[in-house]
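Q: Protein chains in written order, with full-length UniProt numbering: chain A, 1 to 388; chain B, 1 to 388; chain C, 1 to 388.
Simulated from the structure, these hints should not be mistaken for laboratory data.
These numbers were taken from a predicted model, which means no experiment stands behind them.
Be aware that one or more of the hints could be misleading.
For the chain C half of the interface with chain A, some residues (derived, Cβ under 7 Å), not all of them [said to hold, decoys possible]: (1) 111; (2) 112; (3) 133; (4) 137; (5) 140; (6) 190; (7) 351; (8) 355.
The calculated lysine-lysine pairs, modelled on DSS-like cross-linking and capped at a C-alpha distance of 30 Å, are [to be verified]: (9) 164/A <-> 193/C; (10) 79/A <-> 108/C; (11) 193/C <-> 257/C; (12) 108/C <-> 120/A; (13) 340/B <-> 235/B; (14) 230/B <-> 278/B; (15) 164/B <-> 272/A; (16) 108/A <-> 120/B; (17) 340/B <-> 230/B; (18) 164/A <-> 323/C; (19) 164/B <-> 327/A; (20) 257/B <-> 278/B; (21) 278/B <-> 193/B; (22) 108/C <-> 164/A; (23) 164/A <-> 272/C; (24) 164/B <-> 332/A; (25) 164/C <-> 193/B; (26) 120/A <-> 120/C.
Derived list of chain A stretches under chain B, where covered just means 3 residues or more per stretch with a C-beta under 8 Å from a C-beta of chain B [stated by the list, open to error]: (27) 137-149; (28) 358-371.
Just so you know, even glycine gets a beta-carbon here, dropped at the ideal spot from N, CA and C.
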Amino acid sequence: MATAASYSYSASSMSKVMPFRGAKGGYRNEFLCSQSKFLRQTVESKSMFLSADNKYSRSRMQIRAMSVDKAPSFSTGNKFQLNDILEAQQFDRDTLTAIFDVAREMEKIEINSPGSQILKGYLMATLFYEPSTRTRLSFESSMKRLGGEVLTTENAREYSSAAKGETLEDTIRTVEGYADIIVMRHFESGAAKRAANTASIPVINAGDGPGQHPTQALLDVYTIERELGKLEGIKVGLVGDLANGRTVRSLAYLLSKYPNVKIYFVSPEVVKMKDDIKMYLTSKGVEWEESADLMEVASTCDVVYQTRIQRERFGERTNDYEKARGKYIVDKAVLGVMQKHAVIMHPLPRLDEITVDVDEDPRAAYFRQAKNGLYIRMALLKLLLVGW
Amino acid sequence: MATAASYSYSASSMSKVMPFRGAKGGYRNEFLCSQSKFLRQTVESKSMFLSADNKYSRSRMQIRAMSVDKAPSFSTGNKFQLNDILEAQQFDRDTLTAIFDVAREMEKIEINSPGSQILKGYLMATLFYEPSTRTRLSFESSMKRLGGEVLTTENAREYSSAAKGETLEDTIRTVEGYADIIVMRHFESGAAKRAANTASIPVINAGDGPGQHPTQALLDVYTIERELGKLEGIKVGLVGDLANGRTVRSLAYLLSKYPNVKIYFVSPEVVKMKDDIKMYLTSKGVEWEESADLMEVASTCDVVYQTRIQRERFGERTNDYEKARGKYIVDKAVLGVMQKHAVIMHPLPRLDEITVDVDEDPRAAYFRQAKNGLYIRMALLKLLLVGW
Amino acid sequence: MATAASYSYSASSMSKVMPFRGAKGGYRNEFLCSQSKFLRQTVESKSMFLSADNKYSRSRMQIRAMSVDKAPSFSTGNKFQLNDILEAQQFDRDTLTAIFDVAREMEKIEINSPGSQILKGYLMATLFYEPSTRTRLSFESSMKRLGGEVLTTENAREYSSAAKGETLEDTIRTVEGYADIIVMRHFESGAAKRAANTASIPVINAGDGPGQHPTQALLDVYTIERELGKLEGIKVGLVGDLANGRTVRSLAYLLSKYPNVKIYFVSPEVVKMKDDIKMYLTSKGVEWEESADLMEVASTCDVVYQTRIQRERFGERTNDYEKARGKYIVDKAVLGVMQKHAVIMHPLPRLDEITVDVDEDPRAAYFRQAKNGLYIRMALLKLLLVGW
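Chain A extracted, bound-state conformation (with noise of 0.2 Å):
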């Protein structure tokens, strides 16, 4: 894994913190917290956040290292390998492995239990330059079920100094003194790398316009390895909205790091998967094909992962997107057809491309994917802030 650490956003996670260290003498907490970046992984380093002092630390360590003496696996203090969470090209198989086994530790946490207490004293800061419910509420119960407190800014992008002008990086900086990890969702592609090169704490991209939304993508194949029991040799059926659906996309980078996965592209003409996936793909040997078929498609696939046709999208082209919006709908009829194995994804919200009497059987995964996105996103929080 160590590979992973010698990403190009990492390099520059090294280079912020120059300024920082160039600071004069007077706080040698600024200074230590500067190099939180190169030490926070490590249970010592994040405890100095507010002290200057080395033997603290120390003690807090063992603090730590007691309250969670029943849950041996937390906490061991080694680094993990990322220093922030921005695209889904960061993740290899193996760190994707490593992930998902932390994910699977969390879902067996229980209520006021040692595990529940991993992250007490920790403050997440919750920047949302565009409104996002759904993500926001699941990344704050993430943070609360593992003991730790949130700032949250629902509107960042209107009520913040934002409106008065100020940089992205000018808030990151003021921000990073509040709070041990910051959460960001913003309306332009890239944001969160920018938001990453300033912080001197851990940034976790909560989706960055039509960039990337890498938690999502987590989420996805964790998902199917829960469902499935496996990851290799599948195939999976990719429905809806391809053009747009940075899901999607994600996804499909994603698998293609399993051996022996076949992918199905079923979305009307206008809203095709494009070529720079299509590419991608037979680069790394990985199969596909199209088809306009979603009955062949879902018969032979173990997971159909159906998409929302999104309207905001086809601007003054309604017909376009009735049309399109109509296409493809998974139904009973669907279900039909599906392997007693399969399962049914979709990132949600839905409107009727999958239709309401669908969600009682037991392949409709989507709510428990849902709820998935709870223990990828308590396992990524406990890594950046106290690391294996």
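Starting from the structure of chain A, add chains B and C where the hints point.
A: Then chains B and C, alone, in the frame of chain A:
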């Protein structure tokens, strides 16, 4: 109180978990979770919210037992007979008395005492489709005064996926994965019941449009009992907007459960109490009369319950509003004729229907009434999450 | 410091509880609560916020004493001489020094240490009638870093019952029932004082329109003392919008308390420092002069305090704004003439009045200044809730 358990929505809350029960074995904790409607009022069940292991839960129960042994009355773990708080009609007189007893215990809880931790580890989601700072803060304060945590959406209507066309049911199925109880405010009458029929966790109706606002009704009755020391044989004057105020309607409904109560309706012609309530009271043998003379009513009543004339209901008819608004004001003169033991109540906010110089009089109970909302909500959260 | 106790609003805060004292015996805890203005700084009193029983409170005090015996300097329980934080004028030099000492203690608090729990069980309500993410997050982080909890309203003006026409006083009387301290931001000058005159719990002014923003003033002085190691005999250049910036006005006011301070005003013609402050400084024997030469001032000053030209104050006069805005920029050239020990400060947010290439210089203190806001607010919350 067994009867209370046989309400229709209680039945529906059983049917609601069927789809989950059918869910494939993959997720044992999901399965247990889906059962929580039957078990959750016992401490064990709830402790399994993230667990598949019975032994854990038992140990957890002991931990809780220990942590509160100084306050034996808490968490005795007996099931609360209600699954959700949806409408005033749910409460028979015995249930009211029992809830009020718990509310009295809540008043005695001090900061950092064992009692202040009985909801530690529990997560409440406040899903507000319509902003209501007063009600939201009251619920969130109640949860935090008991050591619980909160996920907030101040404006779900605009921010949540509802904007993208997601159904309330889908939103609930997602949010129930993040929290242990949902407090919902909605603009549509009946929305709370729909949410409860979907959710596998308790739902509290914090007001659904013109529909119900049961916790307000409870705190009103609790305040009368608290202020007068009794509910039997009291005389209550309902003043102001009786046509649109759901508060006075629910209050009249609940008062009918106590013997020898007499109710006076004092309101402008345009916003008179509707016939359904009058007929209901008559059918229950509750004496009532309409009066145009506030002074006379005030001189005989134990409770003068003033309400705000709601401008928003008059639309263009500004004159009607102004006329209705000025008609019945509670001022020093009204105070002058009231009995020494009588009290003035108001659901708040108030405009000028009670003059400010009345506030200093001991009989002005409306701010104590607001504070009682805290204790009633603490009691309900405690009962729904950990039982008697 | 006794003098500090004899402020006019302190007197008013006594009169404010009279109505409550008259309250009927029904609610003993209410009665005690109403006294809290006099007692609350002692640990006992506050512990009664939900209790009517003295013996409880005593035991509670012991619990607290125990819980912090590793940090003896905390919670010694001596009354803080201020009831509310409303305006810079409240602070004499001794009080400032004492608050700064506590702020230094706050810098040393580490995660999960006893100090990080001194406000456990306390609830802060952030009542923001005007959004200000930076200030709100800073206060909420301060409360949570000390183990306290928060109730948030990001946009009270639009959401709260204020929209229905409720007076600020009524809102305060309701909110004081839910929380232990209120942090308020309002659009009207004087609103904080009105709130404090109503509330029986402490109120902190987080900015009231063109009025005051006392915690900003405190963190500015704290930062100077932190960066230079002294406040006596320093030379401070106030640059930019001196007419509208309440920050620089409060700063000038507080600096006048220290001997041999010299202040330079450097601003465009249209936004010059107003005469009231100039006259005040002269009356206090503080040397000051106006200058149009930023370079010369920068070369002699210990502190260059730059501010943003506030477009919103210029309305239609876009040309005036553009002219004013471009006039005095702090850049590498300015840095070049500044002394090695001098620092650049800015209340933030900044636009381009400080060029980004300045950030890396150790003398750029503005992000450390923002961080200091955390420690000052931690100190104030601690002092108002549990005393020295």
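Q: A separate judgement is required for each hint: does it hold in the structure or not?
A: Results for each hint:
no. : hint            : verdict
1   : 111             : 4 Å, holds
2   : 112             : 4 Å, holds
3   : 133             : 4 Å, holds
4   : 137             : 5 Å, holds
5   : 140             : 5 Å, holds
6   : 190             : 24 Å, violated
7   : 351             : 5 Å, holds
8   : 355             : 12 Å, violated
9   : 164/A <-> 193/C : 27 Å, holds
10  : 79/A <-> 108/C  : 25 Å, holds
11  : 193/C <-> 257/C : 23 Å, holds
12  : 108/C <-> 120/A : 18 Å, holds
13  : 340/B <-> 235/B : 14 Å, holds
14  : 230/B <-> 278/B : 23 Å, holds
15  : 164/B <-> 272/A : 22 Å, holds
16  : 108/A <-> 120/B : 18 Å, holds
17  : 340/B <-> 230/B : 16 Å, holds
18  : 164/A <-> 323/C : 18 Å, holds
19  : 164/B <-> 327/A : 19 Å, holds
20  : 257/B <-> 278/B : 15 Å, holds
21  : 278/B <-> 193/B : 25 Å, holds
22  : 108/C <-> 164/A : 33 Å, violated
23  : 164/A <-> 272/C : 22 Å, holds
24  : 164/B <-> 332/A : 24 Å, holds
25  : 164/C <-> 193/B : 27 Å, holds
26  : 120/A <-> 120/C : 13 Å, holds
27  : 137-149         : holds (count 6)
28  : 358-371         : holds (count 9)
Hints 6, 8 and 22, counting from the list given before, are not met by this structure.
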